[in-house]
Amino acid sequence: GESVGLHLPTLSVQEGDNSIINCAYSNSASDYFIWYKQESGKGPQFIIDIRSNMDKRQGQRVTVLLNKTVKHLSLQIAATQPGDSAVYFCAESYSGNTPLVFGKGTRLSVIA
Amino acid sequence: DVKVTQSSRYLVKRTGEKVFLECVQDMDHENMFWYRQDPGLGLRLIYFSYDVKMKEKGDIPEGYSVSREKKERFSLILESASTNQTSMYLCASKKLVNEKLFFGSGTQLSVL
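Chains A and B are the protein sequences, given in the same order.
Residue numbers for the first sequence follow the working numbering, so the first one is 1 and each next one is one higher.
Residue numbers for the second sequence follow the working numbering, so the first one is 1 and each next one is one higher.
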């Protein structure tokens, strides 16, 4: 889940297993959600996004689930690989063009 | 592919210096953003711009200013650098209605 302290939560997953990274968002009016992956020394890269009129969206090896009732977002990565090791951020926005608000990130560590 | 280019990967400056961080994007995006990223605090929005000559304060604008004289270029200015501005600075851009943000690789600024 998202951290409110100084240390990022870490999820350790065995290579080949599925990963689930969770995010609790703050604004019930948010209508757009997005996941980013950030590898060490690089800028965040887009993974997948979802709008509030959907509750599930799938990409290549990734699925995002949105539960508006409890303001919860999750990112599922299938068959996790060493290259998936990174920090993952969720972000939300509302009213179409407001800036994204980012969570503090979760570190995914893949054990070979 | 969209390219967001930040002029420096690493920068070392002295307290009190005026610092310019440059960002250029090549996809004719209207919106541009400056974030800073600190361990455990995630990405925090400093300033953003919806179009040329326009600027809006983000969550932490104190000690910073920006310039958007051309659509493709968004500059972040530290008027008088201080040690608490040591951070990773990330520039991002997007189209007006497409909410996916594209990030640069970041500038790691150290103020001594």
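Everything labelled a hint here was simulated from the structure, so no lab data went into it.
Treat each hint with caution, since some may be false.
[Claimed, not checked] Listed below are the simulated DSS-like cross-link pairs for lysine-lysine, each with C-alpha atoms no more than 27 Å apart in a straight line: (1) B/K71 to A/K42; (2) A/K56 to B/K18; (3) A/K71 to B/K18.
[Unchecked claim] Partial list, derived from the structure: chain A residues whose beta carbon lies under 7 Å from chain B: (4) G59; (5) R61; (6) A79; (7) F102.
Glycine is no exception: its CB is placed at the ideal position from the N, C-alpha and C atoms.
These are the hints, each one checked on the structure:
{"no.": "1", "hint": "B/K71 to A/K42", "result": "24 Å, holds"}
{"no.": "2", "hint": "A/K56 to B/K18", "result": "47 Å, violated"}
{"no.": "3", "hint": "A/K71 to B/K18", "result": "42 Å, violated"}
{"no.": "4", "hint": "G59", "result": "13 Å, violated"}
{"no.": "5", "hint": "R61", "result": "19 Å, violated"}
{"no.": "6", "hint": "A79", "result": "25 Å, violated"}
{"no.": "7", "hint": "F102", "result": "4 Å, holds"}
Figure legend: structure checked against the earlier numbered hints; hints not met, in rising order: 2, 3, 4, 5 and 6.
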